[in-house]
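Letter by letter, the chains look like this.
Protein chains: 6
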Amino acid sequence: MPQLTHLDDTGAARMVDVGDKAETAREAVASAAVAMRPETLALLLAGGHKKGDVFAVARVAGIQAAKKCSDLIPLCHPLMLNAVEVGFECDESRGVVEVVASCRVSGKTGVEMEALTAAAVAALTIYDMCKAVDRGMEIQAVRLLEKRGGKSGAWQREGGD
Amino acid sequence: MPQLTHLDDTGAARMVDVGDKAETAREAVASAAVAMRPETLALLLAGGHKKGDVFAVARVAGIQAAKKCSDLIPLCHPLMLNAVEVGFECDESRGVVEVVASCRVSGKTGVEMEALTAAAVAALTIYDMCKAVDRGMEIQAVRLLEKRGGKSGAWQREGGD
Amino acid sequence: MPQLTHLDDTGAARMVDVGDKAETAREAVASAAVAMRPETLALLLAGGHKKGDVFAVARVAGIQAAKKCSDLIPLCHPLMLNAVEVGFECDESRGVVEVVASCRVSGKTGVEMEALTAAAVAALTIYDMCKAVDRGMEIQAVRLLEKRGGKSGAWQREGGD
Amino acid sequence: MPQLTHLDDTGAARMVDVGDKAETAREAVASAAVAMRPETLALLLAGGHKKGDVFAVARVAGIQAAKKCSDLIPLCHPLMLNAVEVGFECDESRGVVEVVASCRVSGKTGVEMEALTAAAVAALTIYDMCKAVDRGMEIQAVRLLEKRGGKSGAWQREGGD
Amino acid sequence: MPQLTHLDDTGAARMVDVGDKAETAREAVASAAVAMRPETLALLLAGGHKKGDVFAVARVAGIQAAKKCSDLIPLCHPLMLNAVEVGFECDESRGVVEVVASCRVSGKTGVEMEALTAAAVAALTIYDMCKAVDRGMEIQAVRLLEKRGGKSGAWQREGGD
Amino acid sequence: MPQLTHLDDTGAARMVDVGDKAETAREAVASAAVAMRPETLALLLAGGHKKGDVFAVARVAGIQAAKKCSDLIPLCHPLMLNAVEVGFECDESRGVVEVVASCRVSGKTGVEMEALTAAAVAALTIYDMCKAVDRGMEIQAVRLLEKRGGKSGAWQREGGD
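Chains as they are written, first to last, in numbering that gives the first Met the number 0: chain A, 0 to 160; chain B, 0 to 160; chain C, 0 to 160; chain D, 0 to 160; chain E, 0 to 160; chain F, 0 to 160.
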């Protein structure tokens, strides 16, 4: 039967020991979608300059959040990220901004939480900048798309949406 | 035409000036849902002890994240939260943990981002603790449920899902 | 029967709501003692220059820790300290450095935890700087000496040691 | 004779008590200059997209640093900034990027350090992004331009450079 | 004659160079005791649910503090912890909660400060949650129990209390 | 033609991938100068005790800032510093305090930004402690003096001032 490794035999939380794990190249890609009214997205995309700054701010927020992951998620291990990238794709007709974040590390634990945190915080940052005009926005589908490296090897989300 | 207040006339991001706003009692409630396989949720709920710690860890993570909001979301104002609460509700048949976070402040800006950040980080923490057994989990519907206080007054999400 | 206010009726932790509390002038004084071998303390006190820097580093650590209190202690409220002071007194014959920290705020919650955290972290910093020569040091009696302000009013530790 | 208020009578550092100060509207404007080779600045300005992101990243870094000021500068008081703005002006012939940061607060202490920290960190961020092509860059003239509010009233830098 | 390695020849503090040290498996175990009135501890232990959350919150606080150690203790090196565990033992008749924290790392410096910081902050968190009913509590005997690894090898506290 | 590596082909910022870089011993030395009125510096230097604490506080601030570098400068990689030193030299006739900071690491990226950040924050801390008596102070010449290690090898600033 599978076990929740973050709990010891008595049910107490712990930062699991990764001391015996090998240091390997690991990567994770995660995404999140910000669903808003199409007119909100149109406003966001109006004007080349403005577009630059909105997504640039969200990108920085996502990158910084990846580095703060072990401070945010209590049982995450601190690690030294080799790379973080955060990108955006807009579907204007549906009013959706898709955030994709990827993290890479040479380490003893995976970077799924770093990628998910980066995607979630970048999405929250977009929400913050648009909330004055569209309070009903929703962040959807914060999820892992793929991971590579480590003992459990590669994993890829099936299908799609 | 509505404007994105976080951008100045040239499109540059800024932390908007709230100096002229009145200090009022404000509250916001936000939620997020962690969708997992029903058997993952069953595992999470097996054993009274374990249940306690898993949700307790996620609750602390959410409360702490509310306090870190202005460090995570670049254009958010620092503020002195009066109260933060994070609760969980489990739908075992659907395999869903619903996170509800509420924040209160006497201040010049609202606490929507604090509540949303608390809900999102608590959800990410649950993901972290279960990911070894269910990598395909998804965080859904991070969204504001209601807000009170401030010039824009009360707001409540319509309908439901 | 008294209650632990940081827990709600179901036993879940929360940051209690201080929204209805009055903003008053509050102060707290706390202390901690670092017990070491007398020869370690002699080494620490040897040379005017060195003494300056060791205690200066510990003092800064204590002041900074007071400001980080709500980030360290999960259910503490963020607050805007008006003043922090950290002092040291050495009992060379017993090999004890006594740390005294005081914090003041105009706020809705007391600053006991800020003062205790400042004292504890200043003491840990002294431990850190001496540990290479005396690993058996011990931090003793981290405790509140007095507090003023707030609904519960003034409190002073009885007796002494 | 003037005194360094951050030191007590024994020369020990302290966070000075601002409890008796009035809460007034305060503002500070500070600047910093990044001097680089003109061809480095040309590279920085080449392409509309790129320009957007470089300065947007530095702007976010400056805004975030203003909020972290009391964590960086040991004797600074925590405060709740009402507004932060960071702007850039480029002198292409001299190869200089001027950073101007302004902060506002309703509080008991001034925001000079917040504005100076924002300008310095935004300048360091530009250095970081250009260092691979121009290691000899220099950050010059980190200084206060003006301040308003508080007991000491308004102050403005004389002359110019 | 022994030396305080955190000070250079002029008495100035420094983060000592560990660049030439070997990266070895290191572990440290530290403890702290929270002494309270027996009736306070009885209150803390009343009800299975409540017990879960109080100690769970303190455990998370301790684990997070271990990761923040280099930010709290000025001359500590940042390091990537492999594991952190925090446990509690209650002596109901004496009114004492004993906190034991252990940290492990593969690194160039030991993790004594991380373990001590985790124990101290977990103890402070228990103080925080009980202070409304028992202001006179005291944190005692924050100390290293044992360490392993590194050039100085294994060390174990003699005797006991 | 040289490129700004922190931007991808579309001009978006990223934390560049250092996964393929070798882990080598790296060092960087940076400086900053705080220019003040000679009488301000005289005040700063008056009294042996006082001098100790002012520079000790600034030194701690610089050391701590080096460790926070990846949190301050958005595209910097987190890294585990092996050593940080911050020193001061005073030119009383010119009224200048020169700050020199050096950082060392065994890592995949250089430590220029860490050294520059340490120098800048130590300088800002001196400004903070003297600003009540000399608001016109200026931080000048924040710059890299030399670096060693990594693929680009050694670099030394030419000439001097």
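Note that these hints are calculated values from the structure, not bench results. Possibly wrong hints are sitting among the right ones.
To be verified - If you want the footprint, here are the derived chain F segments under chain E, 3+ residues with CB under 8 Å:
{"hint": "1", "stretch": "116-130"}
{"hint": "2", "stretch": "139-145"}
What the hints assert, rightly or not - Okay, the calculated beta carbon distance ranges per label pair:
{"hint": "3", "chain 1": "C", "residue 1": "8", "chain 2": "E", "residue 2": "135", "range": "34 to 44 Å"}
{"hint": "4", "chain 1": "B", "residue 1": "135", "chain 2": "C", "residue 2": "7", "range": "28 to 38 Å"}
{"hint": "5", "chain 1": "E", "residue 1": "2", "chain 2": "A", "residue 2": "153", "range": "46 to 56 Å"}
{"hint": "6", "chain 1": "A", "residue 1": "18", "chain 2": "F", "residue 2": "157", "range": "45 to 55 Å"}
{"hint": "7", "chain 1": "D", "residue 1": "92", "chain 2": "B", "residue 2": "9", "range": "19 to 29 Å"}
{"hint": "8", "chain 1": "D", "residue 1": "41", "chain 2": "F", "residue 2": "151", "range": "20 to 30 Å"}
{"hint": "9", "chain 1": "C", "residue 1": "41", "chain 2": "E", "residue 2": "153", "range": "24 to 34 Å"}
For clarity, every value in this text was computed on a predicted model and none was experimentally measured. Where a beta carbon is used, it is the ideal one built from N, C-alpha and C, also for glycine.
We went through each hint and held it up to the structure:
no., hint, in the structure
1, 116-130, "violated (count 0)"
2, 139-145, "violated (count 0)"
3, 8(C) / 135(E): 34 to 44 Å, "27 Å, violated"
4, 135(B) / 7(C): 28 to 38 Å, "33 Å, holds"
5, 2(E) / 153(A): 46 to 56 Å, "51 Å, holds"
6, 18(A) / 157(F): 45 to 55 Å, "47 Å, holds"
7, 92(D) / 9(B): 19 to 29 Å, "22 Å, holds"
8, 41(D) / 151(F): 20 to 30 Å, "22 Å, holds"
9, 41(C) / 153(E): 24 to 34 Å, "27 Å, holds"
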